[in-house]
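With these hints in hand, go ahead and build the complete structure from the sequences.
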Amino acid sequence: MTLQISQAIVNAILEQSRVEYPDECCGVILGKIGSDKPERLKPMINAAHSPTFYEFDSKDLLALYRELDDNDEEIVVIYHSHTETQAYPSRTDISYASEPGAHYVLVSTRKEIAPENEFRSYRIIDGLVTEEDVVITSIGK
Amino acid sequence: MSNPTVEVRIPTILRPYTKNEKLVSADGASLSEVITSLNTNYPGLGERLLENGELRRFINIYINDEDVRFMGSLSATLKAGDSITILPAVAGGCM
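Just so you know, the protein sequences line up as chains A and B, in that order. Counting with my numbering, you get residues 1 to 141 for the letters of the first sequence. Counting with my numbering, you get residues 1001 to 1095 for the letters of the second sequence.
By construction, these hints were calculated from the structure, which means they are not laboratory data. Treat each hint with caution, since some may be false.
[Unchecked claim] In silico BS3-like pairs for lysine-lysine, Cα to Cα no more than 27 Å straight-line:
| no. | chain 1 | residue 1 | chain 2 | residue 2 |
| --- | --- | --- | --- | --- |
| 1 | B | Lys1022 | A | Lys32 |
| 2 | A | Lys37 | B | Lys1022 |
| 3 | A | Lys32 | B | Lys1019 |
| 4 | A | Lys59 | A | Lys32 |
| 5 | A | Lys59 | A | Lys37 |
| 6 | A | Lys111 | A | Lys42 |
| 7 | B | Lys1022 | B | Lys1079 |
| 8 | A | Lys42 | A | Lys32 |
| 9 | A | Lys42 | A | Lys59 |
| 10 | B | Lys1079 | A | Lys59 |
| 11 | A | Lys42 | B | Lys1022 |
| 12 | A | Lys59 | B | Lys1022 |
Have a look at this one:
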């Protein structure tokens, strides 16, 4: 299993995580249904405004799914940042993961344990975490 | 008078309960009755929505465009043709 993603989107997520620090940042990347291609970055507001938790606002969540229906898109990637721990799914992340078809991407803003460009992707299905390779394609592709 | 029939949108993760149907119908004058109706037709689904008789914290249910938490939660009332959407919260964090 592999996540293919453009450098431009990776850069935008890393930048968002720095801007929203010390809170966790979050969002999704959308793509055409069945394509498994993350093409449209959609940063979301962390309604929890917390350094240790993120949650999409319930109204934003409904609006997001309506938008997907209208555009024949689906959620290809769900991402968030960890502020002081490594970019690996926590128990909380695992227990709330509820999109079996999505890639769960984590970044970390803690430089001591994570290189600044750390960007890791996982599948989380029925409580089981599987890390996958990330292939970054050049800007503009 | 029979209970109103409403349509219910099922999220991907709960579709194993509905034989992969994305849209199902259910009967009930309140959200609580609708969940009972769903659980009768799709055994096990009710348990994924409720915990100790309350709506699970990380399940969002909407009637038309409104989060049921602002409409009385399980006692929210329904009329024929209402559309219910079930969405698991997107949440997590380092703790």
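Hint-by-hint comparison with the structure:
no.: 1; hint: B/Lys1022 <-> A/Lys32; result: holds, 18 Å
no.: 2; hint: A/Lys37 <-> B/Lys1022; result: holds, 23 Å
no.: 3; hint: A/Lys32 <-> B/Lys1019; result: holds, 24 Å
no.: 4; hint: A/Lys59 <-> A/Lys32; result: holds, 23 Å
no.: 5; hint: A/Lys59 <-> A/Lys37; result: holds, 26 Å
no.: 6; hint: A/Lys111 <-> A/Lys42; result: holds, 25 Å
no.: 7; hint: B/Lys1022 <-> B/Lys1079; result: holds, 21 Å
no.: 8; hint: A/Lys42 <-> A/Lys32; result: holds, 14 Å
no.: 9; hint: A/Lys42 <-> A/Lys59; result: holds, 15 Å
no.: 10; hint: B/Lys1079 <-> A/Lys59; result: holds, 22 Å
no.: 11; hint: A/Lys42 <-> B/Lys1022; result: holds, 24 Å
no.: 12; hint: A/Lys59 <-> B/Lys1022; result: holds, 21 Å
The structure shown violates none of the earlier numbered hints.
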